[in-house]
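Chemist: For the record, the sequence lines run as chains A and B. Numbering of the first sequence is given in my numbering, commencing with residue -2 and proceeding in unit increments. Numbering of the second sequence is given in my numbering, commencing with residue -2 and proceeding in unit increments.
Fair warning: there could be bad hints in the mix.
Which copy is meant is left open, so a pair is good if it fits within one copy or across any two.
Stated by the list, open to error - Using 20 Å as the maximum straight-line C-alpha spacing, the simulated EDC-like pairs for lysine to aspartate or glutamate come out as follows:
(1) LYS140 / GLU123
(2) LYS81 / ASP205
(3) LYS81 / GLU111
(4) LYS140 / GLU111
(5) LYS162 / ASP39
(6) LYS203 / GLU32
(7) LYS81 / GLU32
(8) LYS203 / GLU111
(9) LYS81 / ASP59
(10) LYS211 / GLU159
Simulated from the structure, these hints should not be mistaken for lab results. Everything numeric in this text was worked out from a predicted model, so none of it was measured.
2 protein chains.
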Amino acid sequence: MAVHAVLVTALDRPGLLHGLTRVFADHGANITSLEIHPTQGDSAISFEFTPGAEPAGEVVADLRAVEGVTSVLEIPTFANIYGKRIIVMGGGAQVGFVAMGAISEADRHNIRGERISIDTIPLVGEQALAAAVRAVVRLPRVKLLVLAGSIMGGEITTAVWEVRKNGLFVISLNMAGSVPEAADLVVSDPVQAGGMAVMAVAGTAKFDLMRQLKRKY
Amino acid sequence: MAVHAVLVTALDRPGLLHGLTRVFADHGANITSLEIHPTQGDSAISFEFTPGAEPAGEVVADLRAVEGVTSVLEIPTFANIYGKRIIVMGGGAQVGFVAMGAISEADRHNIRGERISIDTIPLVGEQALAAAVRAVVRLPRVKLLVLAGSIMGGEITTAVWEVRKNGLFVISLNMAGSVPEAADLVVSDPVQAGGMAVMAVAGTAKFDLMRQLKRKY
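This is chain A alone, in the form it adopts within the complex:
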């Protein structure tokens, strides 16, 4: 279903958000994400939603009628602007090269109308990495995770099994530790791993990750 996005500006008052969500509920519209933007004095809140049976325009009109609302602008969705996300995490040296490969490949697809973002965080430590892996499934629009490092195992491996059960694809560099065993695909060259990650999620590519499962390159 088509996702719509609106930016609502309003005088800041208690219960404002509760009043705004009532409009979506009344129209059977599903809010899929919401962000509150820090401003001076006023409140600025962006909503992404899928309309119910009634058109999105009716939701917008009723939002304008909520007490304190000063403006409601229809805006592009994050999916239209930043698109699908690939997350790369691990040691700085490896994350950098995976990012380089993925950015070069995403450039080639985005030119043809795709929208793929490459988001990265250099992180060390079993607990920090396991927490970051688990949190990936709570980030919006993430399609694939690349684990880039020299050794990863233990709690990180458990987290990889968990997020794969939630439908996330995971590519691991060939490295020491048990993470490669838990991943969908294992790749030795970090630049190639980045390129394959993009090809796996691009609608403009013919690479089918599902056919490569458990292969090692």
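Fit chain B to the given chain A structure using the hints.
Modeler: Chain B in isolation, oriented as in the chain A frame:
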């Protein structure tokens, strides 16, 4: 004020979100962000919020009492896991090298307890880039934008002036077009631009971007 995060699982029903936001409103708690996670059957919604006068535990207890809610878990906030974000956008070749510099530098700070993510999107075209620049201020936790390319101007420059008025720092590579004139700082070497971007937002660094404003390197 301390931000708390909870993951609420509930039976999917109309008006669920409206019922949940009532709990935050009743306790004077401010929701700062919210994400709906795609699941089969159930609804999973994560909230980040700052409590009002009452402790966060009371909000959690009352969320558990909402009709249809099956579990409420306290979880780490995205700020604790992924931290401050630097966004790099523009041509793939330059974005890759800025990312490389920024990831290497962020690695050194994250090891000392910082949390800095480097998020990138290779994009071409005046309209696509201007829209992406404008949308950056709607993304959570973004501290700085790096524009990396060979020529940028027109509507992109207008967008840079707009987001700087909203408090975002902008570093531009030295390039053709009017974007460098609109940026806070202009840097010729993309790897150095990435490093400076990280130093500018890191609490663990001594580099003060405010003292470098309008300098060219």
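Chemist: It remains to establish, for every hint, whether it holds in the given structure.
Modeler: Comparing the hints with the structure gives:
1. Taking CA atoms no more than 20 Å apart as the test, LYS140 paired with GLU123 passes in neither setting, with 23 Å inside one copy and 27 Å between copies.
2. Taking the shortest Cα distances, LYS81 and ASP205 sit within 20 Å of each other inside one copy (16 Å), while across copies they are farther apart (34 Å).
3. Taking the closest pair of Cα atoms, LYS81 and GLU111 come within 20 Å of each other only inside a single copy of the chain (9 Å); across copies the shortest separation is 27 Å, beyond that limit.
4. Taking identical chains as interchangeable, the C-alpha atoms of LYS140 and GLU111 lie at most 20 Å apart only when both belong to the same chain, with a minimum of 14 Å there against 26 Å between chains.
5. Taking the shortest Cα distances, LYS162 and ASP39 sit within 20 Å of each other only across copies (16 Å), while inside one copy they are farther apart (42 Å).
6. In this homomeric assembly, LYS203 and GLU32 never come within 20 Å of each other (Cα to Cα): the closest approach is 35 Å inside a single copy and 31 Å across copies.
7. In this assembly of identical chains, LYS81 and GLU32 lie within 20 Å of each other by CA distance both inside one copy and across copies; the values are 18 Å within and 16 Å between.
8. In this assembly of identical chains, LYS203 and GLU111 lie within 20 Å of each other by CA distance solely inside one copy; the values are 13 Å within and 39 Å between copies.
9. In the homo-oligomer, the alpha carbons of LYS81 and ASP59 never lie at most 20 Å apart, since the shortest distance is 31 Å inside one protomer and 35 Å across protomers.
10. Taking CA atoms no more than 20 Å apart as the test, LYS211 paired with GLU159 passes inside one copy only; the shortest distance there is 17 Å, against 47 Å between copies.
In summary, the structure is inconsistent with hints 1, 6 and 9 from the numbered list given earlier, while agreeing with the others.
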